[in-house]
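Visitor: Here is how the chains run, residue by residue.
There are 2 protein chains.
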Amino acid sequence: MTRFACKNAAMTVSAKGAQARRGRPGYDLDSLLAVVVTVFNERGYDGTSMEDLSAKLGIGKSSIYHHVDGKEDLLRMSLDRALDALFAVTEEPATTAGPAIDRLEQLVHRSVEVLIAELPYVTLLVRVRGNTPVELRALARRREFDRLVGDLVQEAAEQGDLRTDVDPAVISRLLFGTVNSLTEWYRPRRGISPDEIAAAVVKVAFGGLRTTS
Amino acid sequence: MTRFACKNAAMTVSAKGAQARRGRPGYDLDSLLAVVVTVFNERGYDGTSMEDLSAKLGIGKSSIYHHVDGKEDLLRMSLDRALDALFAVTEEPATTAGPAIDRLEQLVHRSVEVLIAELPYVTLLVRVRGNTPVELRALARRREFDRLVGDLVQEAAEQGDLRTDVDPAVISRLLFGTVNSLTEWYRPRRGISPDEIAAAVVKVAFGGLRTTS
Chain W
110 MTRFACKNAA
120 MTVSAKGAQA
130 RRGRPGYDLD
140 SLLAVVVTVF
150 NERGYDGTSM
160 EDLSAKLGIG
170 KSSIYHHVDG
180 KEDLLRMSLD
190 RALDALFAVT
200 EEPATTAGPA
210 IDRLEQLVHR
220 SVEVLIAELP
230 YVTLLVRVRG
240 NTPVELRALA
250 RRREFDRLVG
260 DLVQEAAEQG
270 DLRTDVDPAV
280 ISRLLFGTVN
290 SLTEWYRPRR
300 GISPDEIAAA
310 VVKVAFGGLR
320 TTS
Chain A
110 MTRFACKNAA
120 MTVSAKGAQA
130 RRGRPGYDLD
140 SLLAVVVTVF
150 NERGYDGTSM
160 EDLSAKLGIG
170 KSSIYHHVDG
180 KEDLLRMSLD
190 RALDALFAVT
200 EEPATTAGPA
210 IDRLEQLVHR
220 SVEVLIAELP
230 YVTLLVRVRG
240 NTPVELRALA
250 RRREFDRLVG
260 DLVQEAAEQG
270 DLRTDVDPAV
280 ISRLLFGTVN
290 SLTEWYRPRR
300 GISPDEIAAA
310 VVKVAFGGLR
320 TTS
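Listed in order, the protein sequences are those of chains W and A.
Per the working numbering, the first sequence starts with residue 110, numbered consecutively.
Per the working numbering, the second sequence starts with residue 110, numbered consecutively.
Please note that the accuracy of each hint is not assured.
Cut-off 20 Å, straight-line C-alpha distance, at most; resulting in silico cross-link-like pairs (EDC-like, lysine to aspartate or glutamate) [stated by the list, open to error]: (1) W:Lys165 to W:Asp178; (2) A:Lys165 to A:Asp137; (3) A:Lys180 to A:Glu222; (4) W:Lys312 to W:Glu222; (5) A:Lys312 to W:Asp274; (6) A:Lys312 to W:Asp270; (7) W:Lys180 to W:Asp211; (8) W:Lys165 to W:Asp139; (9) W:Lys312 to A:Asp274; (10) W:Lys165 to W:Asp193; (11) A:Lys180 to A:Asp161; (12) W:Lys180 to W:Glu201; (13) A:Lys165 to A:Asp193; (14) W:Lys312 to A:Asp276; (15) A:Lys180 to A:Glu200; (16) W:Lys312 to A:Asp139; (17) W:Lys165 to W:Asp155; (18) A:Lys312 to W:Glu227; (19) A:Lys165 to A:Asp139; (20) W:Lys312 to A:Glu267; (21) W:Lys180 to W:Glu200.
Quick look at which bits of chain W chain A covers, simulated, 3 or more residues with Cβ under 8 Å [claimed, not checked]: (22) 135–147; (23) 218–231; (24) 309–319.
I should point out that these hints are in silico values taken from the structure, not numbers from a laboratory.
Computed from a predicted model, the values in this text were never measured in an experiment.
Cβ atoms here follow ideal geometry from the backbone N, Cα and C, with glycine treated the same way.
All chains should be modelled from the sequences, with the hints used to inform the complete structure.
Guide: Written as structure tokens, this is what we have:
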């Protein structure tokens, strides 16, 4: 607890006292992270202080430090949650066996489902532009994911299953640009299931929009 | 110049003196805005102070106030530049006459070209989430643009030119999600012309990716 100046330590103790009196339940790491990621998305990571998190969580900073080493640790865990879920998709049977075009389609479909299931975490991920070690590592992992997508697009092109009049590199950017754009507009309340949205993305991207040409 | 505290006014005068001595050329509003929008994109609007802008421009704050009333004025002009260019597209002959599907396709094509021509301004626009009057007005204009797109998608669907197995509202989100995602990855140095990128977006979105189904 040497992290606190005396003044803050005193405040923390009194906050914890108040909290205990009101019987507010504690957080496990998951439920803590669920609140933290929302604050990061609302205020931006740089614009969020441990004081902000403490206020939003309604617990003292020492209670947060019980779970993590600090703000950057919370960022790392939030970003890893999104990245781990996305990389897990690349190891599923449907994305690792069969013609490349089908694996690519499946990768897009499942990525949309992951994006929706982990919406605040993926939203945080796609907005990362910073220069802290945690952010640079997340950007490197994103590039690794993009490379996997790029390889799959290239393979599908080589197998003759992809239109040849658009650069495969552009196709792979457009595909995941479309997927990632969901973080900007998809809200669960719209009443469309994750599977329906994923199917819509796949239909529009792979099948096209026009009924005539 | 009553905007400055005495201390700052003195600093500004001395900065202007230094500037005049080095013979640094002045800015017109366009070239000023071109630098400002870059700083807004790098640091975020909230994270940018007039001092930051002054340092980046290499001119005193009073020289900035010569052009504008303050930071929010700079934001308004930057966002209007993007919005005016996008709305101008909706009034071009190719987006106002003919079957809705063709007008929609043309709207997507021209929006990509505008996005590339005004890349930093559109980038700033698509990242706006704030609550200042200027930001709220920009969000309202974006919604108006989205409504125009939504109406065109609806019309194309009614004319039987659009696939019917995806909700038109989702189609219109996906279309401009794809277009706007270019602000995240398109860089002029990639050696692909704006027209080629626009054509690629149209081909992928309207024609689909697969050569087989």
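Visitor: Compare the structure with each hint and give your call.
Guide: Results for each hint:
1. With a C-alpha separation of about 18 Å, the suggested pairing of Lys165 of chain W with Asp178 of chain W holds against the 20 Å cut-off.
2. Distance hint between Lys165 of chain A and Asp137 of chain A is fulfilled; the C-alpha atoms sit about 15 Å from each other, no more than 20 Å.
3. For the hint linking Lys180 of chain A to Glu222 of chain A, the alpha-carbon distance of about 28 Å lies beyond 20 Å, and the restraint is violated.
4. Between Lys312 of chain W and Glu222 of chain W the CA atoms are separated by roughly 15 Å; this keeps the pair inside 20 Å, and the hint holds.
5. For the suggested pair Lys312 of chain A and Asp274 of chain W, the alpha carbons sit about 9 Å apart, so the restraint of at most 20 Å is met.
6. Distance hint between Lys312 of chain A and Asp270 of chain W is fulfilled; the C-alpha atoms sit about 15 Å from each other, no more than 20 Å.
7. Restraint check for Lys180 of chain W and Asp211 of chain W: not satisfied, since their Cα atoms lie roughly 40 Å apart, outside the 20 Å limit.
8. At most 20 Å may separate the alpha-carbon atoms for a hinted pair to count; Lys165 of chain W and Asp139 of chain W meet this at roughly 15 Å.
9. Among the hinted pairs, Lys312 of chain W with Asp274 of chain A is consistent with the structure: their alpha-carbon atoms are about 9 Å apart, no more than 20 Å.
10. Restraint check for Lys165 of chain W and Asp193 of chain W: the C-alpha separation of about 26 Å exceeds 20 Å, so the hint is violated.
11. The suggested pairing of Lys180 of chain A with Asp161 of chain A holds, with an alpha-carbon distance near 11 Å, which does not exceed 20 Å.
12. For the hint linking Lys180 of chain W to Glu201 of chain W, the alpha-carbon distance of about 32 Å lies beyond 20 Å, and the restraint is violated.
13. A threshold of 20 Å between alpha carbons decides the hint, and for Lys165 of chain A with Asp193 of chain A the separation of about 26 Å lies outside it, so the pair is violated.
14. Proposed proximity of Lys312 of chain W and Asp276 of chain A is supported: the alpha carbons are some 11 Å apart, at most 20 Å.
15. The suggested pairing of Lys180 of chain A with Glu200 of chain A is violated, with an alpha-carbon distance near 31 Å, which exceeds 20 Å.
16. Between Lys312 of chain W and Asp139 of chain A the CA atoms are separated by roughly 42 Å; this puts the pair beyond 20 Å, and the hint is violated.
17. A threshold of 20 Å between alpha carbons decides the hint, and for Lys165 of chain W with Asp155 of chain W the separation of about 16 Å falls inside it, so the pair holds.
18. Using a Cα cut-off of 20 Å, the hinted pair Lys312 of chain A and Glu227 of chain W is violated, with the two alpha carbons roughly 31 Å apart.
19. Of the pairs offered as hints, the one joining Lys165 of chain A and Asp139 of chain A holds, with about 15 Å between alpha carbons and a cut-off of 20 Å not exceeded.
20. The hinted pair formed by Lys312 of chain W and Glu267 of chain A meets the criterion: a straight-line CA distance of about 19 Å does not exceed 20 Å.
21. A C-alpha spacing of about 31 Å is found between Lys180 of chain W and Glu200 of chain W, which places the hinted pair above 20 Å, so the restraint is violated.
22. Closer than 8 Å: that is the beta-carbon criterion, and the segment 135–147 of chain W has 0 residues meeting it against chain A, so the requirement of 3 is violated.
23. Figure legend: the segment 218–231 of chain W, annotated as covered by chain A; annotation inconsistent (0 residues with Cβ-Cβ distances under 8 Å, at least 3 required).
24. For the segment 309–319 of chain W, the stated coverage by chain A holds: 10 residues have a C-beta nearer than 8 Å to a C-beta of that chain, and at least 3 were required.
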